[in-house]
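Going by my numbering, the first residue of the sequence shown is number 596, and it counts up by one from there.
I should point out that these hints are in silico values taken from the structure, not numbers from a laboratory.
Some clues are possibly wrong.
Stated by the list, open to error - In the EDC-like style, the derived pairs of lysine to aspartate or glutamate whose C-alpha atoms are separated by at most 16 Å in a straight line are:
1) Lys-742 x Asp-769
2) Lys-742 x Asp-796
3) Lys-742 x Glu-799
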Amino acid sequence: LRQGLIAEATVRSLSPDPTDRVAVVALPFGWDPGVDGGVSLAPAYGLATVRTIDLETANQREPAPYRGPVTRTAAQPEIPVELVEAIAGLRDNGSTLTGLVTDNTATTAAFQRRLAAAGSSLWAYRPRLRVALVRREARDATEQLRKVTVTGPTFVALSSASGTFPLTVTNALDQSVTVDVNVRATNPALRIDPIDRLQLDPGETVDIDAVARADSSGVTQVRVRLSTTEGRAFGTPWEFDIRTTQIGLAIWVVMGLGMAVLLVAAAVRIVTRIRTTGMRPREKPSP
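Make a model of the complete structure from these sequences and hints.
Structure (structure tokens):
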């Protein structure tokens with residue numbers, strides 16, 4: 596604990612902001628400093644300076660055992676692996692959620708406090724309870740992320756080189772969010788134009804038209820997914836197929852000529868019938 600206090604005080608003393616030099620420390624439950632509680636910690640700053648190392652070659656060095664004056668108490672239990680993994684899950688889900696919120700200053704600060712408390716030594720003697728609480732917080736963050744969704748069609752057919760298809764983005768949170776809509780096709784011959792970044796108010800639903808451009812015919816699977824402005828993907832992706840049919844210019848010309856011939860033939864037949872039967876009186880019906 597004293598080593599942690601010294602490290603925290605050292606980091607804060609290097610900050611140019613005077614407000615960073617004030618700290619409040621929450622001591623472990625039932626902690627008793629004993630008779631050495633009033634001993635000054637200033638001599639700790641007289642320890643030998645640790646030499647810097649190169650991070651690129653650090654993993655190539657043989658680890659050396661620590662022989663300094665600070666010894667770790669045997670009564671302090673180690674942090675279990677399950678707790679470390681649970682904290683990592685909370686960090687990932689919470690960072691995605693805070694990055695999703697448009698005005699996330701207060702949200703980020705609150706999350707960082709919860710994340711710091713998740714690995715606090717206050718829970719060293721109750722790791723199972725702490726693991727359960729951290730996992731529940733991570734699940735809560737995941738449930739919040741699921742309230743921002745994207746949906747679209749189940750199938751799209753394009754009869755030309757380009758076309759549009761609808762997408763719907765919904766924000767069921769009670770906070771404004773900013774999202775990116777990422778649309779990817781498995782076939783590079785089908786390209787989707789980039790979609791502008793969206794900002795949705797609480798409870799708002801936005802309909803957008805995505806533009807697809809194809810260089811060939813065929814069926815291509817398309818995947819739509821939301822992400823934060825920092826590129827963190829979240830939520831359930833929406834997948835569907837796009838069928839593209841490329842009809843060349845020559846085929847269009849032939850079809851146009853055929854239609855023109857058909858119309859001319861029909862017009863000639865109608866005119867001929869009028870000329871041959873238009874001047875004849877109608878026969879009286881027989882009694």
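Comparing the hints with the structure gives:
This hinted pair checks out: Lys-742 and Asp-769 have alpha carbons roughly 10 Å apart, not beyond 16 Å. For the given pair, Lys-742 sits about 13 Å from Asp-796 by alpha-carbon distance, which is consistent with the 16 Å threshold. Between the alpha carbons of Lys-742 and Glu-799 the distance comes to roughly 11 Å, so the proposed pair stays at or under 16 Å and holds.
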